[in-house]
Amino acid sequence: MEWLNRLMALDRRWIFLLVAIGTALPIIFPIGFKVSVTPPAKALFDRIEQMGPDDVVLLSFDYGPSTAPENDPMADAVLRHCFSKRVKVVLLSLFPIGGVTMADQSLARVLRDFPDIRRGIDYAHLGYKSGSQATMKQMGEDIHRVFPTDRYGMALSEVPLLQRVRTYDDMKLVVSFATGIIGEWWANLINAQFHIPVAVGCTAVSAPKYYAYLQSGQMVGLLGGLKGASEYERLVIDRYPIVEAAYTRAGLYTAIKGMDAQTIIHTLILLFIIMANVAFFAGRGRAAQAKR
Amino acid sequence: MRFLRLQLPLLLTALAGLIPISAFFISENATRVVWMKDRLEKYMIIIASFAILLGVVNVVQSNIRKIERRQKGWPYGAFLLAGLLGMAFCGIMGAARIGPFQGIGYTPDGGRTPFQYGAEFMFSPLQATMFSLLAFFMASAAFRAFRARNVEATILLVAAGLVMLGRIPFGEMILGGHPFLARLTDWMMDWPNAAAQRGIMIGAALGAASLSLRVIVGIERSFLGVEKSE
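Sequence lines, in order, name chains Y and F.
Taking the working numbering, the leading residue of the first sequence gets 10, the next gets one more, and so forth.
Taking the working numbering, the leading residue of the second sequence gets 23, the next gets one more, and so forth.
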């Protein structure tokens, strides 16, 4: 059983190499695995689909560069959906470590495909504010007092879209793209106290905890990790063929492309686990035999 | 002295805790309480900003100490301080709009300010790189530690395997396109997972509520740096 000993003592650098190859190859040569849609993503899509050009959605960028590969595609997809339907969007960030940069970059990426969308009329960008929970609660009283100026230094009273948006009552939905606990606060604090529907786009690792909020009705939709983002991309592309051109643009990172890499890596990790357990049980069997 | 060190902070803590709770339950017509609650929420936003400053001071102090004592990895500490001071310099100069430092975001013509340049082309890729390394360690850890050693570990292993397969298209492919694994994963997330998560959340909320109550009534005083008996 020489092979068993060698397998158990496998240098972890071989594992690192396989993970690197498994990630890089599908990104360089996309496979195009089929993406199936789950109910939590469809629920958020349907919620925005029911809105019209007079409705306002608040998008909160509560993540930083560390989780951008998961959160960026979902933020882009929801923004593209809103702009396709001409639903008005208010952006902000409550995450201190790069949140506002994520909002800037997402907006810049999406606006390339929507040249007729106008700042201040179709969307407004509030920028970053510290104080998370307190800021969120104060926004329920008066957004203009919490954010005296927008991201570009303009007084909120001079931004046409924000002249009619002062509290959560003037909006139809909050979507938080979150990496930490801020997404939970939107659900358990703002939905509970101000009754505005909340949806969260989170990293895969934090998705399980949001199912409790989803089931209790405190959230109306959930995009869990890269899978959730790819589902939303699929829904938007299928409903708005005009958006498909943006998603097929060379060099653009999308969740659908990222799912190829995730599929390979999940499979690889499962194989590692199976191999290690086979070796573990075979080793235990040998040890038991030797004892007898 | 005892008043300043103990009684006044305890009184302030009790008021800061009781006012928002009272305002939540009483009528909005009680304008004085609602006004005080609004004030406290504003103060919280300001205090949160100072908490960031406190963190910066702490990082600077601990790294200066590390460099002075030439502790293991001190060059990393020096690099960290250089980055922190460099970004702070660009940020402060940008906020004051001095020379080429015109703001901390984008310039009116869409160009990047030095602070934005640092955030976008240094900070963002570095943070993304740090997080990306997790994938390698997770794969290695799964190989080395994820063993079906007992019943609990086996249940965890099987559940994890099913969810990992159910969340990728490969799960459907091995069943000839049938979405059984995806549906099973949805069921596992909707029921056993949500039930367990709810239990954890309720437990944590009860713990937080009881700890808050202890702080408000002055039983828990460790945050003041004093013992209960004082």
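Rather than coming from a laboratory, the hints here were simulated on the basis of the structure.
The C-beta atom is built at its ideal place from N, Cα and C for all residues, glycine as well.
There could be a bad hint or two in this list.
[Said to hold, decoys possible] Chain Y regions said to be covered by chain F (calculated; three or more residues, Cβ under 8 Å): (1) 15-28; (2) 41-55; (3) 87-94; (4) 144-157; (5) 165-175; (6) 213-220; (7) 238-250.
[To be verified] Partner residues are not named here, just some residues of chain Y that face chain F (Cβ under 7 Å, in silico): (8) Q59; (9) T110; (10) Y137; (11) G140; (12) I282.
Status of the hints after comparison with the structure:
1. 15-28: Held - the stretch 15-28 of chain Y has 6 residues with a Cβ nearer than 8 Å to chain F, which meets the minimum of three.
2. 41-55: holds (count 6)
3. 87-94: violated (count 0)
4. 144-157: It holds, with 5 qualifying residues against the three required.
5. 165-175: violated (count 0)
6. 213-220: n = 5 at 8 Å, threshold three: holds.
7. 238-250: Not satisfied, violated; 0 residues make the cut.
8. Q59: Violated. Min distance 23 Å.
9. T110: 5 Å, holds
10. Y137: For Y/Y137, the interface hint is violated, since the closest Cβ of chain F sits about 10 Å away, which is over 7 Å.
11. G140: Hint on Y/G140: holds, closest Cβ of chain F at ~3 Å, below 7 Å.
12. I282: For Y/I282, the interface hint holds, since the closest Cβ of chain F sits about 5 Å away, which is under 7 Å.
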